[in-house]
Each structure stands twice: as C-alpha cells, then as structure tokens.
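Since chain S is already given, all that's left is putting chain R on it; use the hints.
If you read the protein sequences in the order shown, they are chains S and R. In this text, residue positions in the first sequence follow our numbering: the first is 1, and each later residue adds one. In this text, residue positions in the second sequence follow our numbering: the first is 1, and each later residue adds one.
FYI, nobody ran anything at the bench for these hints, they're computed from the structure. Wrong hints could be hidden among the right ones.
Chain R regions said to be covered by chain S (calculated; three or more residues, Cβ under 8 Å) [unchecked claim]:
| # | region |
| --- | --- |
| 1 | 33-42 |
| 2 | 50-62 |
| 3 | 113-122 |
| 4 | 140-149 |
| 5 | 261-274 |
| 6 | 291-305 |
Keep in mind that this is a model prediction, so the values were computed, not measured. Backbone N, C-alpha and C define an ideal beta-carbon position, used for all residues, glycine too.
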Amino acid sequence: MSSTTALIVTGRKHARRPAGYRRSIGVLGDIALGALMVVALFPILWFTYTSFRHESDIISNPTSFIPAGFTMENFVATWNDTGFPKLLWNSLITSGLTVIVSLTFATFAAYALSRAKFRGRGVVQITYLAVRIVPGTLLMFPLYMLIQQAGILDTHVALAITYTTFTLPAAVWFMKGFFDAIPPDLENAARVDGCTRLGAMFRIVLPLVRPGLAASGILIAIEAWNDILFALLLTSSDASRTWPVGLRLLIGEFQLPWGQLAAATVLSILPVVIAFAIAGRAMISGLTAGGLKD
Amino acid sequence: MNDVVMTATSPPLSRLKRRLTSNGSNAWAWFLLIPSLLLVAGIIVYPLIMGVSLSLHTVVLNRPDLGRPFVGLDNYIAMFRDPVMGTALRNTVVYVVVGVVLQFIVGLIAAALLNRKRRHIWVARTVVMLPWFLPPIAAAYMFAFMIDPRYGVLTKLLGAIGIDIGGQGILADPQLALWGAMAVELWRSYPFFALFLLAGLQGIPGDLAEASSLDGANGWQHFRFIVWPLLRPIVFISTILEAIRLAASPVMILLLTNGGPGDSTQVLSLYAFQQAYQRFDFGYASAISVALLVMVVGFAIVYVRANSAREK
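Pulled out of the complex, with its shape left as it was, chain R reads as follows:
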C-alpha cells in the first residue's frame, strides 16, 4: 500500500533508485531475518512467558508427588518471609553499584592512557583488554590461588606492606568475601568500560583539545566541559549494560564463594540459581528471577528517564 503511494508521488529518478536498492519489495530482508527472529522467540520469548508462569506454580522437579498446582503469588509471598532474601538484595545492590563505579573509574583511566599516540599502542590495548575475554572460571581460580591464606603470592605481598589477610583468608571471611569477589570482577570486567570509552574518546576530534588549550582551559576543564559531554551517551549505554550484567550474572560469586561463608555473599541471581540447581525448586527460583527482572527493568527506566531529563 505504502509502496504504491510512494511510487506514484516520487520523481522518476528516485523511483529508479528505489527499484535498484529495494527491488520494490523487502521480502528478501524478512527472509534473512526470520531464522534468527524465530530462534530468539523460541529461546527467549517463550521461556520468558514460561518463566513467569512457573513462578505462579509449585514446581519442584524432584518431588513429582506434589504435582504442579497453581499457587498464585505464594512463591512471591515466600520471598518476603525468607531471611536470606534481605541479605541477597542488599548484596546485589552493593555488588552492582560499587562494581559499576569502580570498573568505570578504572576503565576511564585505562581508556585515557590507551588513547595516546604511542608506538605499539595496539599491543598495550590488546594486553589490557585480555582479561575481559578470559573465562570467568580461570579468573576465579587464578585469584583464589593468589589470595590463598597459605599459598597466595598476593597474601604475601600484601603482608609485606603490612596488610594481613592471613588466617582464614579473604574468601572465608564473611566481612571481606564479597569485596574479594568484587575485586576479581573488577580485574576481569573493567576492560569493558575501557573498550567503550576508548571508542568514545577516539570519536572526539583532536582539534578540540587544541582549541580549548588556546582558550586557556586546563586539563581538568578540558575534560569536564569538552570531553565529558561528548562521552556521555557512551557512559550512559555502558553503565546500564554493565549494571544489568552484574545484577543478572552470578558467575563470579558462584565460582569464588558460592554465596558463602554462610549466606554472607548471597546475591539474588545466585540465590535463584541455587534454588533450581541444588533444590530443584523451579517455581521459587523463577519467582526470584522475575523479581530481579522487574528490578532491572525498573532501574533501566528510571536511569533512561534521568538521562533524558538531564539532556533537556
């Protein structure tokens, strides 16, 4: 329909161009898109709906005798009675907020350092980005070994400058374990910010630095008034992506402490995973995950609003 109207009103030249570029029909484009869209629908959309449905039922896989009765919001009500949920919620917020801030700061410094004109700068870029491509399990065990109370080289180095992490070790200390996991996460994940911010810095023309320098701006003023506003879209996208990833992925904590000692490093994503993986309670696990999704989406909406308000 639209095509006909367009063709009727377009001048002959652009009509010819349209014919050449689109062949008058986009059937070929849909033909190419449909396989991946079907896959996304099958593996994301359907399970998403199923997941919400599971959270409203009792589903304990190793207890077939219970059946799968519809229980309404019982799984959600159970979350409020569950003392671990409070700890998990608090830890999730700390892990995400502190994690994003620390990774962002280190990533920004790294991006600035990697943005300089130097010979072989690509070697430095590749080396600095490497940890982000390594398996989380490799990062986890490398650090577990380095901060081991008896065998750890980092334990000894820190001891030499007066910081004692001997005795039970960081990961066995309820007060420190979450910070230990955060440090390993920082090591592996700050290159994500470095990568995005470096791309952003590369998009800023060098002339701007000269211009602001001529106008008498110092380094900080140049950063604050020229670079930062231009980086802001990238800052926005990268922080939201990383916040979502940290909230949703329990991998590093699973590998380093598995929520322990006790439940001191429990986070929502890991708690949900354990409910399913260790207790086979898929209903409760799904309810926790839905709650997590609602929080993540809520956070994203608030963040997007705040960002667009600032831009006006």
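Only chain S is shown next, with the shape it has when bound in the complex:
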C-alpha cells in the first residue's frame, strides 16, 4: 500500500472513529496473537527445558522455572541405553523412501492434471481426494494381510508404500498448484524447438518448480515421520520399527523417567522443527494453493 492511499484510508477512518480506538484494537490484536504464540510454543519449550534437567530435580521441584543446574544425562541415557538411535534411523529411511516414491508419482500426476485437458480428468482428481475419506482403520486390516502375503511385513518398504498412498493426494494437490503457476508458453516454445512433452517437463518445468518440490518433499517427510497408527500394526521388531512406536513401547517397558521421555521427544521433533523453520513459509503458501500473498 502506497503512502498516499494509506493517508486517505486513515483519513477516512479518523472521520468515523477516534484514532485511539483503532490503535487500541490493534494493540489488543497483537496481545491476542502473542498469547496464541505462547500457547503454541510453551508445551514445546517446557518439554525441552525438562529434557535438560536432572531427574531428581524434576521429581522434587516438578514445576519450578528455576532449575538446579542443566545436564545432558537424559540425552546420553536415551541415546546409549535404549534402541532409540536405531528407531530414528528406521524413521529416516522410511521417510526418505516415502519422499522419493511419493514425490515422483505426485509430480508426474500433478503435471498431467495441470497441463492435459482430457476426458475423465475430473474423475481422476476426485479419486485422489477420495483416498482421504476412507478411514485408515478400514484399510489397515486388509493392508496388513496383503503385506503379510507379500512377505514384506516389518520392512521399511511396506511402510513407505503405505505412506506413499496417504501422502499422494496432498502432494498432487500441492504440486499442481505450483505447475499451474508456470505459464505453459515456456514449454510450448521448447516443444516448437523439438522438445518432447516429457522432455519439456524435465528440462524446462521441473527446474522452475524446485521450491515447490522441496516444500512438498518436506511435507511428505513430516507426515511419514509423524505417523504412529500404521507403524504400530505394520512393524513388529527393531528391523523397521519407527520412533513413535518405539517410544510408546519404551514407556511401557521401562517406565521411562520423564526426563528421558522428554529427551527422546525433543530428539525426534528436532528435524521437524528445523525443517519447518526453513520451509514453513513455502509449505503454508503451498498448502493454501498459492492463496497467501505478502
């Protein structure tokens, strides 16, 4: 907004309402927004704080904001005495596989849906969305038996294929938004120069949607990283067990102390928080199909 229009607008507002009224509304809004941010961050910060405290301190002064010294002992114990590193590794492999497969399929599908006008396009688009309506609990049991028959129960691949299906619809939607934003004239020019359809896609369009690919990749990775429900059913040993399942079992098995539980949680949400800090803005814009400006 340029300064002149700003002047005119505020001038009008002045005529209707006292300046102080609008300013105090603005301040109230800032306070409310600050409160929302505190509510969002406090549980995360409190658990992080707990993870650096001595267990004895947590037990004797649980709600004290002033710690009796900080320690790394919870992290060391979690890392060395439990199978947690292996669990994080499993989650990493599974999420990585999911990103590769899901992003490839989603990019292909989204490009086709963005550029081709063909019969049945609407049906295809609805098919992807309909996936979201079927309760996971209904698919889970046949899927378990299917994966058992295929002999890939308790493997990274079985989980990754499952997650691919569930992340695909959002990823297709997401990538289609990015493709729609690129003018087709670019590819048309390349194709006049003798490029094939797919050649134009790979050489011209994909490099342009790199930020979109990154944001979709992170979104897919986070969804695969966070899931516990499918992992509970489809994993049965440390061969493929992901961290949320492992953490839940650790708590049951060892009566995990709060400090260690907090340390394990902090370790596992760290990648999510970092990824979100870097790509959060692009992810939020992408999820709302480029609707967000400024």
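Below, chain R without anything else, positioned relative to chain S:
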C-alpha cells in the same frame, strides 16, 4: 473419435494451438498418471473391497482353527449386542462435533489475527501453525506431562487460580478424560482451520472493507454480510475434511487414554483398531470400520446437500 470431429470443425488457428498444447493425443498424460493410479487402486480400492469382505467373515488371526467361514451379517449384529459400541458411538459424535466447533472458532480468530498487516507477520504465522506439523505422540506426551497430577505445570497453574485437577488427574477421570484428549487435539489441530481460513481471508480484496466502512457498516456487520459469505466455500471444505479426520483417526485418544479409564473414552475408530491390534479379530474390526465409513459418507452427503440447498 472426438478428436477427429473437433479437428474437422475447429478453425485453423485453434487447430494449430491444439496441436501445440496437446499434440493431438493425451497418451503422455495417462503415462504420467498411471503409476499413481495403480498405487491408489492397489492400496486403497483393493483393501476397501477386501475390508468389506472381511467384515462378512470370521477372521481371527490368532485362531487359525476357526478357519475363515462366511458369516453374513453376524459381525454387524454383534455390534448391536456390544455394550461398548454405544459409548463409542456417543463419544465419537461428541469428539467430532465439539472438536470441529472449538477448532473452527479458535482457527477463525487466529486467521483474523494473522491476516493483519504487520511486520514479521510470517514469523507469527509459522509459530502458530507449528503444532499442526508436530507428531501427535509428541503433543500427547508434552500435555500428559503438563497435566500430570503430581508433576504437571498446568495442574499447578490451574490450581493457583482455583481449578483443582489434582488427585487422579484429568486423564484418569472417566468424566474428564475425553475433554482432556479434546483439548490436546484442539491445541494441535486448530491451525488446520487457521491455515484454510487465512487463505480465504487473503482472497478477499481489501477494498471491500473500505466500501462497507463507507456505507456505515460496523465490524460485525462487515464480517457477517461481506466476509462470511465469501468464506463459506472454505468453511464448508475445511469443516468436512476435519470432521472426517476426527471421526476416522483414533491417534490422540489412543496415545492419551487408549480408550480408558474403563471404556469411558472409547471411540469407534479406536475400538476397531483395538479389536484388530489387541484381539486379532479382523472380521469384527472391519465391520466396525465399515459402519464408520457408512456414517462418514452419510454425514458427508447430508452436509453437501445442506450446503448446496443453502446456496440456492
């Protein structure tokens, strides 16, 4: 066939354009679509059919001696005799309806606050949206710790203003446990609405606010008669998506109470999951899930009808 007719009747210029943009054939598009469609068919459509079929059989995985006889609607009839089903159905309705309403209200307020022109508004947007991207299990244990009767910082804070949740704690109290789970769900999931509604608000031109202000509308009237009608499509889509998710996903309740104490926080999706995961009764679990799917689809149809009727 269609192509030939189109080409014959199209003027030369648009024919040229068609050649350039579609190459006269969409084979390449199907080539790109088929891998993901096959995957969706393999992992969604086939299991969906299998799931319905399972619900009509006795399938108890740890009892191979029973075989897998076809039992017709026996699993469905068993649901009506199962006393837990009543509780689970009631809790599901409460969890979905109250959950969607609360999340929507908080999400709308957040969207309005995040839609203002402020420096560094993107920092606020990112922070407010963060919980939605966190693992449910992290949210569950953070809150379990904060509302722990002995060690909880929230327990103490609430105690300081006269609300006593000490003793057994919220999650062990049959009267309160479901509300506790709902509160954690609210914390993690309202950003979903904030995200959608913020996108909707951004699509509304700023001039409209000025115009209605000039016409003498106050803030509420502006919201009610200008903003709300424009937001309605987004309100519709986001509420239906979240209602379906809350009905179908047992994760937060599984992690916080696992349906307990007793069966006081049991919901349909969790009950189905437990039947399979703890009792290996895939037949009964599938029957409950099919019933849930029928309810979800039924709700969606009624909701879509009601919405389109209002638009006319």
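| query | Three or more residues of the region 113-122 of chain R near chain S by CB distance under 8 Å? | reply | Result for this restraint: holds, n = 7.
*asked:* Is the listed coverage of the region 140-149 of chain R by chain S valid when you require three or more residues with a beta carbon under 8 Å from a beta carbon of that chain?
replied: Result for this restraint: holds, n = 6.
Check, residue by residue, whether the region 261-274 of chain R contains three or more positions whose beta-carbon lies closer than 8 Å to a beta-carbon of chain S, and give the verdict. It holds, with 3 qualifying residues against the three required.
Are 3 or more residues of the region 50-62 of chain R near chain S, judged by a Cβ distance of less than 8 Å?
holds (count 3)
How does the coverage statement for the region 33-42 of chain R fare against chain S, requiring three or more residues with Cβ below 8 Å from a Cβ of that chain?
Coverage by chain S holds for the region 33-42 of chain R (6 residues, Cβ < 8 Å).
At a Cβ distance under 8 Å, does chain S reach at least three residues of the region 291-305 of chain R? Held - the region 291-305 of chain R has 5 residues with a Cβ nearer than 8 Å to chain S, which meets the minimum of three.
Violated hints are absent here; each numbered hint is respected by the structure.
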